[in-house]
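Put together the whole structure using the sequences plus the hints.
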Amino acid sequence: MKHRNSLILAGLAAAIAPLCAQAQREARTAWGDPDLTGAYSEFTTAPLERDAKYADKEFLAREEYEEFAKNRVEQRFGDDETEPGTQADVHYSMAQFQLSENEGVHSLNLRTSIVTQPKNGRIPPLTAEATARQAERAAVRRGKEFDGPEMRSLTERCIIWSSTQAPILPRGYNSNLQIFQSPGYVVIQGEMGDPRIIPTDGRKLPDKLLPQWNGTSVGRWDGDTLVVETAGFHPESAWRNASENMRVTERIKRVDEDTLEYAFTVTDPKTWAEPWGGVYPLTKLDGLLYEYACTEGNYGMANILSGARTAERGAAAKQ
Amino acid sequence: MTRILIAALALLTAAAAQAQVRTDLPRATNGKPDLSGVWQAINTAHWNLEPHVSEYPVVLELGAQFAVPPGPGVVVGGEIPYLPEARAERDKHFQNRLIDDPEGKCYIGGVPRSTYMPYPFQILQSERDVVIYYQFATAFRRIFVDGKEEAPLDSWMGWSNGHWDGNTFVVDVTGLNGLTWLDRAGNYASGSAHITERYTPLGPNHMQYEATIEDPTVFSRPWTIRMPLYRIVDENFRVLEFKCEPYAEEKIYGHLRKPGTEPPAGAPSR
Chain Y
1 MKHRNSLILA
11 GLAAAIAPLC
21 AQAQREARTA
31 WGDPDLTGAY
41 SEFTTAPLER
51 DAKYADKEFL
61 AREEYEEFAK
71 NRVEQRFGDD
81 ETEPGTQADV
91 HYSMAQFQLS
101 ENEGVHSLNL
111 RTSIVTQPKN
121 GRIPPLTAEA
131 TARQAERAAV
141 RRGKEFDGPE
151 MRSLTERCII
161 WSSTQAPILP
171 RGYNSNLQIF
181 QSPGYVVIQG
191 EMGDPRIIPT
201 DGRKLPDKLL
211 PQWNGTSVGR
221 WDGDTLVVET
231 AGFHPESAWR
241 NASENMRVTE
251 RIKRVDEDTL
261 EYAFTVTDPK
271 TWAEPWGGVY
281 PLTKLDGLLY
291 EYACTEGNYG
301 MANILSGART
311 AERGAAAKQ
Chain L
1 MTRILIAALA
11 LLTAAAAQAQ
21 VRTDLPRATN
31 GKPDLSGVWQ
41 AINTAHWNLE
51 PHVSEYPVVL
61 ELGAQFAVPP
71 GPGVVVGGEI
81 PYLPEARAER
91 DKHFQNRLID
101 DPEGKCYIGG
111 VPRSTYMPYP
121 FQILQSERDV
131 VIYYQFATAF
141 RRIFVDGKEE
151 APLDSWMGWS
161 NGHWDGNTFV
171 VDVTGLNGLT
181 WLDRAGNYAS
191 GSAHITERYT
201 PLGPNHMQYE
211 ATIEDPTVFS
221 RPWTIRMPLY
231 RIVDENFRVL
241 EFKCEPYAEE
251 KIYGHLRKPG
261 TEPPAGAPSR
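So the sequences go chain by chain: Y and L. Going by the working numbering, the final residue of the first sequence carries number 319, and the count climbs one at a time with no gaps. Going by the working numbering, the final residue of the second sequence carries number 270, and the count climbs one at a time with no gaps.
It is possible that some hints are incorrect.
Computed Cβ-Cβ distance ranges for the label pairs, DEER-style [unchecked claim]:
{"id": "1", "chain 1": "L", "residue 1": "HIS206", "chain 2": "Y", "residue 2": "THR310", "range": "52 to 62 Å"}
{"id": "2", "chain 1": "L", "residue 1": "LYS258", "chain 2": "Y", "residue 2": "PRO199", "range": "43 to 53 Å"}
{"id": "3", "chain 1": "L", "residue 1": "SER54", "chain 2": "Y", "residue 2": "VAL90", "range": "46 to 56 Å"}
Capping the alpha-carbon separation at 25 Å, the derived lysine to any residue pairs in SDA-like fashion look like this [claimed, not checked]:
{"id": "4", "chain 1": "L", "residue 1": "LYS258", "chain 2": "Y", "residue 2": "ARG313"}
{"id": "5", "chain 1": "Y", "residue 1": "LYS253", "chain 2": "Y", "residue 2": "VAL218"}
{"id": "6", "chain 1": "L", "residue 1": "LYS32", "chain 2": "Y", "residue 2": "THR37"}
{"id": "7", "chain 1": "Y", "residue 1": "LYS204", "chain 2": "Y", "residue 2": "ALA238"}
{"id": "8", "chain 1": "L", "residue 1": "LYS251", "chain 2": "Y", "residue 2": "GLN212"}
{"id": "9", "chain 1": "L", "residue 1": "LYS148", "chain 2": "Y", "residue 2": "TYR290"}
{"id": "10", "chain 1": "Y", "residue 1": "LYS270", "chain 2": "Y", "residue 2": "PRO125"}
{"id": "11", "chain 1": "L", "residue 1": "LYS105", "chain 2": "Y", "residue 2": "GLN212"}
{"id": "12", "chain 1": "L", "residue 1": "LYS105", "chain 2": "Y", "residue 2": "VAL218"}
{"id": "13", "chain 1": "Y", "residue 1": "LYS57", "chain 2": "Y", "residue 2": "PRO47"}
{"id": "14", "chain 1": "L", "residue 1": "LYS251", "chain 2": "Y", "residue 2": "SER237"}
{"id": "15", "chain 1": "L", "residue 1": "LYS258", "chain 2": "Y", "residue 2": "PRO47"}
Source of the hints: derived by calculation from the structure; they are not laboratory data. Glycine is no exception: its CB is placed at the ideal position from the N, C-alpha and C atoms.
Next comes the structure, spelled out in structure tokens:
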């Protein structure tokens, strides 16, 4: 009899499971905000920009997708397969350390590119002003790339990461984030970067902002969508050659239990003649994100500089 | 005399009120005290947890504005109960503090040091998680509420499980890597340390912070630090970024710089 009871209960549990899933999907926080919390992978099969051959074709047909996704993963991670003992084999192998996202989860994304605005799925060209700015920045470093730590990239210096700063875009590895919520706040923490503490308590972005490497963000709820406005970037943040006037609008909403939709628009007339933006899914991860102590373990910086010094001494000895 | 009496009376009343159920504390949606907000310690614990008189700055040229200010200390009982060889190690740290203090390298401060560094930190609280964002080195930590998550590996901020004991949020911290110090005087604990933090609101704008440190490899018995934390009530206050990496680069990598080149003056350029 006991057995029978548990069987009935099990059957009942199975029957109500889909209802529970439905309820969970619409779950809200205890204080009534849409619940976006969790850990997510930013990896998606869509490249940032669309291959020109697709022109204005935004979506793949279902039967085209498998081939597309396979090529995409190979294109990004295929060079991990190299001949041991060759120079080509001396590289950072994502698969070796289980860092590549193709080993992780990702949602079905039939899009041909992350960029959806403009219609051709490609980032608009830099303005003449931005091109000049880019050239100026490059000139400061030319021939001095290994002189000192300040000549290295902001990422090598553990200052900012494109996978964590607004707008959030997937990188080569560790492109994961977690979202926390508390009354009046949403926290977006990229695995490798700084947590963005985003107030959703109704405050507006002040007109005058102190420059911050990650900018300053405020959020609001537009129905079930979190809308985040970010401005006040450090002039050297220069995301994709942007100026400090860049403004980013992000729209994040839950699609289903395992997926958020992340959309963004970038506006910076000094850099791009028109605003541009895109959309891609964030896929729920089973598990947690762990501390990424970048500076504390930055042996790479020391090795890059000491390698350059060794090379210089070698060159001097040859003369 | 009257003033002292009134002050003593006020303290007694405060202590009595603390023992009772507080009705004047901000509460979260689940009825627990709401610790959300930006907080900071206002003391000299970041210089030295133990009682200390004023001291020369670590580099004489820094002058009086960077001299070590005096403080009564925050260790309950006054002195940290080091084992003899551990005390010698602490003294060695102090001698080498200019080079060796992890703070100077912009390293994550760890627990409990991040709490009383002279920078603000923000607590964000929900039923499931309490997360804390510390300004220095943009350190971040997640505290699992009513969970028993085991530390999977050692880290700078360790692994935190929290629960409510009445009005007190008690946080159990393990999995610390032992690479940080506890202050600028070289006090330290090892990676075996087990830290129990207690956050007790005393009113809407201040709370008592306690951390008990158990580490038989370094100390002869568990010991406790205790200090109030103050809410930052400035209008529209936000914890601004303090990306300290650029300021530590010359210290860490200067010896690897190309001979004849100069570190950047002022803002970093690229």
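So, going through the hints one by one against the coordinates:
| no. | hint | verdict |
| --- | --- | --- |
| 1 | L/HIS206 / Y/THR310: 52 to 62 Å | holds (55 Å) |
| 2 | L/LYS258 / Y/PRO199: 43 to 53 Å | holds (44 Å) |
| 3 | L/SER54 / Y/VAL90: 46 to 56 Å | holds (54 Å) |
| 4 | L/LYS258 / Y/ARG313 | holds (11 Å) |
| 5 | Y/LYS253 / Y/VAL218 | holds (16 Å) |
| 6 | L/LYS32 / Y/THR37 | holds (21 Å) |
| 7 | Y/LYS204 / Y/ALA238 | holds (24 Å) |
| 8 | L/LYS251 / Y/GLN212 | holds (23 Å) |
| 9 | L/LYS148 / Y/TYR290 | holds (16 Å) |
| 10 | Y/LYS270 / Y/PRO125 | holds (12 Å) |
| 11 | L/LYS105 / Y/GLN212 | holds (21 Å) |
| 12 | L/LYS105 / Y/VAL218 | violated (31 Å) |
| 13 | Y/LYS57 / Y/PRO47 | holds (14 Å) |
| 14 | L/LYS251 / Y/SER237 | holds (23 Å) |
| 15 | L/LYS258 / Y/PRO47 | violated (38 Å) |
Hint check: violations occur at hints 12, 15; the rest are consistent with the structure.
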